[in-house]
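K.L.:
Please construct the entire structure, taking both the sequences and the accompanying hints into account.
Respectively, the protein sequence lines represent chains A and B. For what it's worth, this note's numbering labels the leading residue of the first sequence as 17, then goes sequentially. For what it's worth, this note's numbering labels the leading residue of the second sequence as 10, then goes sequentially.
No wet-lab data here; the hints were simulated from the structure. You may find that some hints are simply not true.
Mimicking DMTMM-like on lysine to aspartate or glutamate, the simulated pairs with C-alpha atoms at most 20 Å apart in a straight line are [as the list claims (entries may be wrong)]:
hint: 1; chain 1: A; residue 1: Lys161; chain 2: B; residue 2: Glu627
hint: 2; chain 1: B; residue 1: Lys525; chain 2: A; residue 2: Glu101
hint: 3; chain 1: A; residue 1: Lys159; chain 2: A; residue 2: Glu144
hint: 4; chain 1: A; residue 1: Lys159; chain 2: B; residue 2: Glu627
hint: 5; chain 1: A; residue 1: Lys50; chain 2: A; residue 2: Asp198
hint: 6; chain 1: A; residue 1: Lys162; chain 2: B; residue 2: Glu627
hint: 7; chain 1: A; residue 1: Lys27; chain 2: A; residue 2: Glu250
hint: 8; chain 1: B; residue 1: Lys525; chain 2: A; residue 2: Glu144
hint: 9; chain 1: B; residue 1: Lys262; chain 2: B; residue 2: Glu293
hint: 10; chain 1: B; residue 1: Lys198; chain 2: B; residue 2: Asp595
hint: 11; chain 1: A; residue 1: Lys149; chain 2: A; residue 2: Glu186
hint: 12; chain 1: A; residue 1: Lys50; chain 2: A; residue 2: Glu211
hint: 13; chain 1: A; residue 1: Lys118; chain 2: B; residue 2: Glu627
hint: 14; chain 1: B; residue 1: Lys525; chain 2: A; residue 2: Asp74
hint: 15; chain 1: B; residue 1: Lys302; chain 2: B; residue 2: Glu268
The structure displayed is predicted, hence computed values, not measured ones.
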Amino acid sequence: MGNSNYALQAKNLNIYYGEFRAVTDVSMVVERHKITALIGPSGCGKSTLLRSFNRMNDLVPGARVEGELLFQDQNLYSPFVDAVEVRRRIGMVFQKPNPFPKPIYENVAFGPKVQGIRKKSQLDDIVERSLRKAALWDEVKDKLKKSGLELSGGQQQRLCIARAIAVEPEVLLMDEPCSALDPIATLRIEELMRELQEQYTIVIVTHNMQQAARVSDYTAFMMVNDKRSGELVEFDMTEKIFTNPADTRTEDYVTGRFG
Amino acid sequence: MNHVAFLNWLLVSLYLVDVGILSTPIAVARKGYSPRLGSVIGAGAGLIGALAGLFIFTPLLGLVLQLLQAILGVFSDNIHFADDLKISFSLGAGQNILPIKFDIEADVPRDIAFLRSLVVGVGTYIGGMILLNLLWRFIPSQGAVTEATALRYNTIARQVRGRILQAHFMVAIVIAITVLMALMWNIIKGTFTMTAVSNTVAPESLTDGRSLGDIEEPELAQILVGNISGNRGRQLIQDYVWGVGDAEARDRKSEPLVEALGKGNWPEDLSVYVPNQDPSQEPEYITYQNLSKQPDVVAAILSYNLTTSDLETLVTAEVVQPFVVATWTLDRTLLDYKGIEKELDVINNSRRESDPDWNDARLQFRSWLSLNFVTQRLNAAPELTGMRNAILGSLLMISITALFAFPIGIGAAIYLEEYANDNWINRIIQTNIDNLAGVPSIIYGLLGLAVFVRTMRPITSGEVFGLGQGNGNTVLSAALTMGLLILPLIIINAQEAIQAVQPSIRQASFGLGATKWQTVWNHVLPYAMPGILTGTILAISRAVGETAPLVVVGASAFILKDPSGPFSRFTALPIQIYSWTEQPRDADKAVAAAAIILLLALLLTLNSIAILLRNRFERNLGRH
Numbered sequence: 017m018g019n020s021n022y023a024l025q026a027k028n029l030n031i032y033y034g035e036f037r038a039v040t041d042v043s044m045v046v047e048r049h050k051i052t053a054l055i056g057p058s059g060c061g062k063s064t065l066l067r068s069f070n071r072m073n074d075l076v077p078g079a080r081v082e083g084e085l086l087f088q089d090q091n092l093y094s095p096f097v098d099a100v101e102v103r104r105r106i107g108m109v110f111q112k113p114n115p116f117p118k119p120i121y122e123n124v125a126f127g128p129k130v131q132g133i134r135k136k137s138q139l140d141d142i143v144e145r146s147l148r149k150a151a152l153w154d155e156v157k158d159k160l161k162k163s164g165l166e167l168s169g170g171q172q173q174r175l176c177i178a179r180a181i182a183v184e185p186e187v188l189l190m191d192e193p194c195s196a197l198d199p200i201a202t203l204r205i206e207e208l209m210r211e212l213q214e215q216y217t218i219v220i221v222t223h224n225m226q227q228a229a230r231v232s233d234y235t236a237f238m239m240v241n242d243k244r245s246g247e248l249v250e251f252d253m254t255e256k257i258f259t260n261p262a263d264t265r266t267e268d269y270v271t272g273r274f275g
Numbered sequence: 010m011n012h013v014a015f016l017n018w019l020l021v022s023l024y025l026v027d028v029g030i031l032s033t034p035i036a037v038a039r040k041g042y043s044p045r046l047g048s049v050i051g052a053g054a055g056l057i058g059a060l061a062g063l064f065i066f067t068p069l070l071g072l073v074l075q076l077l078q079a080i081l082g083v084f085s086d087n088i089h090f091a092d093d094l095k096i097s098f099s100l101g102a103g104q105n106i107l108p109i110k111f112d113i114e115a116d117v118p119r120d121i122a123f124l125r126s127l128v129v130g131v132g133t134y135i136g137g138m139i140l141l142n143l144l145w146r147f148i149p150s151q152g153a154v155t156e157a158t159a160l161r162y163n164t165i166a167r168q169v170r171g172r173i174l175q176a177h178f179m180v181a182i183v184i185a186i187t188v189l190m191a192l193m194w195n196i197i198k199g200t201f202t203m204t205a206v207s208n209t210v211a212p213e214s215l216t217d218g219r220s221l222g223d224i225e226e227p228e229l230a231q232i233l234v235g236n237i238s239g240n241r242g243r244q245l246i247q248d249y250v251w252g253v254g255d256a257e258a259r260d261r262k263s264e265p266l267v268e269a270l271g272k273g274n275w276p277e278d279l280s281v282y283v284p285n286q287d288p289s290q291e292p293e294y295i296t297y298q299n300l301s302k303q304p305d306v307v308a309a310i311l312s313y314n315l316t317t318s319d320l321e322t323l324v325t326a327e328v329v330q331p332f333v334v335a336t337w338t339l340d341r342t343l344l345d346y347k348g349i350e351k352e353l354d355v356i357n358n359s360r361r362e363s364d365p366d367w368n369d370a371r372l373q374f375r376s377w378l379s380l381n382f383v384t385q386r387l388n389a390a391p392e393l394t395g396m397r398n399a400i401l402g403s404l405l406m407i408s409i410t411a412l413f414a415f416p417i418g419i420g421a422a423i424y425l426e427e428y429a430n431d432n433w434i435n436r437i438i439q440t441n442i443d444n445l446a447g448v449p450s451i452i453y454g455l456l457g458l459a460v461f462v463r464t465m466r467p468i469t470s471g472e473v474f475g476l477g478q479g480n481g482n483t484v485l486s487a488a489l490t491m492g493l494l495i496l497p498l499i500i501i502n503a504q505e506a507i508q509a510v511q512p513s514i515r516q517a518s519f520g521l522g523a524t525k526w527q528t529v530w531n532h533v534l535p536y537a538m539p540g541i542l543t544g545t546i547l548a549i550s551r552a553v554g555e556t557a558p559l560v561v562v563g564a565s566a567f568i569l570k571d572p573s574g575p576f577s578r579f580t581a582l583p584i585q586i587y588s589w590t591e592q593p594r595d596a597d598k599a600v601a602a603a604a605i606i607l608l609l610a611l612l613l614t615l616n617s618i619a620i621l622l623r624n625r626f627e628r629n630l631g632r633h
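P.N.:
In structure tokens:
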């Protein structure tokens, strides 16, 4: 492959927690400026796979990854790659909104600050730009000194997105970003993803098949095999997965027969 | 019946009454009676059962045990455990009114007394439980009640139970508060006392029977100077008129005093020369040096500069020298003033017999806790002592302790929580820290003595810095020892505070490309800080009040100088409390009580500062 259209390329990725193989032999690509959705029943390893994309699994004691994950033709799991650097290039938004209990400004400015940006004017710029991109600026511009915890759930999640894009990542990983939100806030986030798509590549894990169908360009369907390990069943254009899946298991899942 | 047995009976019957109150409402509600009445009946049944147990089942149990002894006696002659459980039913005056002979006689061995009280307890319990079970089981049913009534009764029964259980917790709180109040009252009543004050020199003898208050300044000054030494008089001038320190006074001792004091402080009609000198020589100025031989000049200057009341106070302190003969606590002062007066007469009469110059002591109310008590230095006389050096010693020590233990404790906690792998070395370290928190403080004192006072003497005495007196018993040694003592507490508390920081916060930080240290420094530590500070408050409070390690590392019981730095010898408030309670006189105990109040005030002050700090941190996190 080696196509520059791919932001991420997983080749025979196996993820272990100690002796347990949580994800088996996943090979897939994430195309640039597209939204790729990971769907599947609970416990099928889709969050684990997502977290392996920016080496967040390194933080779990005993977690280990085999296989290759190419990012700009560089294997992220080669011993010469610094996990901290990876996370600066591939950002993450979590399932539950987790703003820092700090002022909104500090929440967004933290990422640039740890990368060494100290100038106030530059930080001000970044904060405003990120909050605008996350469609939150108009709501919070008068209360940047207020704690991030004082926002509503949907606003908090958008703050987390603003925080993630403040470090200008190339890929944005979203781990069920709407599961803790109400329908209206969910809609806002989905619209936002469509807007962000123009600048970022997005990978999203979701439980909600309608959401995957609505927002994503590509969909990967995962399931556990008989060894209770997650496998990639099918990966294709979203339209194809939801209308004409190749695998019967995919069809059963997307039509709601199980899961 | 002996005390132990009675107490045993009381506890068991209280328990039975409790069981009756708690369980009867539900039992009677099931049978269709009102649960409220049930709780009263249950209490009564518990009590009656307890009495029945005492009078019926306790003797029965004694009989059974004796029977058992008789049976076992067939096999061995050495079995006598029931010998002392003889039953007597005598109810005559002065006789045992209870079925088993329980006496608190000295010749009753402990094991027998214990066996008897055990028999009473078990017998009472059996009696009470039998009666209560009979009550619950054989209460006649009211017949069928409607569904609604049953529901109502059951609800009420549960509410009654709940309220009674609540009352138990209330009782626990009331007991705890009462004990604390009793403790506080004990300290307060020793601090504000009636005192009997006698004078070393009777004021009347100084003034030919007139009262001190009626005398004019010049004469007061004459009386004062006439009854103290020349040097003391000179010292008074230095302290009250000149107002310079000893060193400056020494440097300027040959200067004409009139210039040293300044014209305004020198009476105009007073000669500035030493009187009666040889006219052939140059006139000699009165200087600080020769002032001690000029009592008239001292008197004139004092009378010119001081007010009547100042002079009166000086005469009292310097000449009359009142001292406390006896003290009576606040409760006796308020309730038994007549009794105090009688005791005072007894004291005065007996003293007068042995000492013809005895000046009768008079009653005077005194608060031992006063401004002077805080600002004056230690003095061997309880009437005059203050606690300034002890307060300063405690403050200095605790500051160094905090400076030493706080950063190290937090550092250790961060290492253990964020960096340490789960291997056997770290597990051993963790276990040790947990156990060290429970080691008695005297052990830390011994450790401090061996390590800080002895081995590290060159450092702790300040020798390597060219300071101190070469002695290891310094503030620094004590502070480091206290630091070791509270280190485990700080570490454990900080660990818990760090654990309480949500993992999602750490993930968010890592997800933004922060390193471990950036995550710890920017997020974990700030969010854990309120909890860490709370733990530190508790730890420091403990260190302020600890006495045993101070005794061992050699804090001085009596010292006049204020601590001048980490390398000076010192004393601390707990040491003072300890040493004043050791002294024999009433007044010494009063000083100890006042020092306890000071220590409590110091603790509360430190705690409030720390709480304010913690609240600031919490506000910064936007939780308020």
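K.L.:
Confirm or reject each hint.
P.N.:
Against the structure, the hints come out as follows:
no. : hint                  : in the structure
1   : A:Lys161 <-> B:Glu627 : holds, 15 Å
2   : B:Lys525 <-> A:Glu101 : holds, 13 Å
3   : A:Lys159 <-> A:Glu144 : holds, 12 Å
4   : A:Lys159 <-> B:Glu627 : holds, 19 Å
5   : A:Lys50 <-> A:Asp198  : violated, 25 Å
6   : A:Lys162 <-> B:Glu627 : holds, 14 Å
7   : A:Lys27 <-> A:Glu250  : holds, 15 Å
8   : B:Lys525 <-> A:Glu144 : violated, 27 Å
9   : B:Lys262 <-> B:Glu293 : holds, 14 Å
10  : B:Lys198 <-> B:Asp595 : holds, 13 Å
11  : A:Lys149 <-> A:Glu186 : holds, 15 Å
12  : A:Lys50 <-> A:Glu211  : holds, 11 Å
13  : A:Lys118 <-> B:Glu627 : holds, 11 Å
14  : B:Lys525 <-> A:Asp74  : holds, 12 Å
15  : B:Lys302 <-> B:Glu268 : holds, 19 Å
The structure fails to meet hints 5, 8 from the earlier list, while all remaining hints are met.
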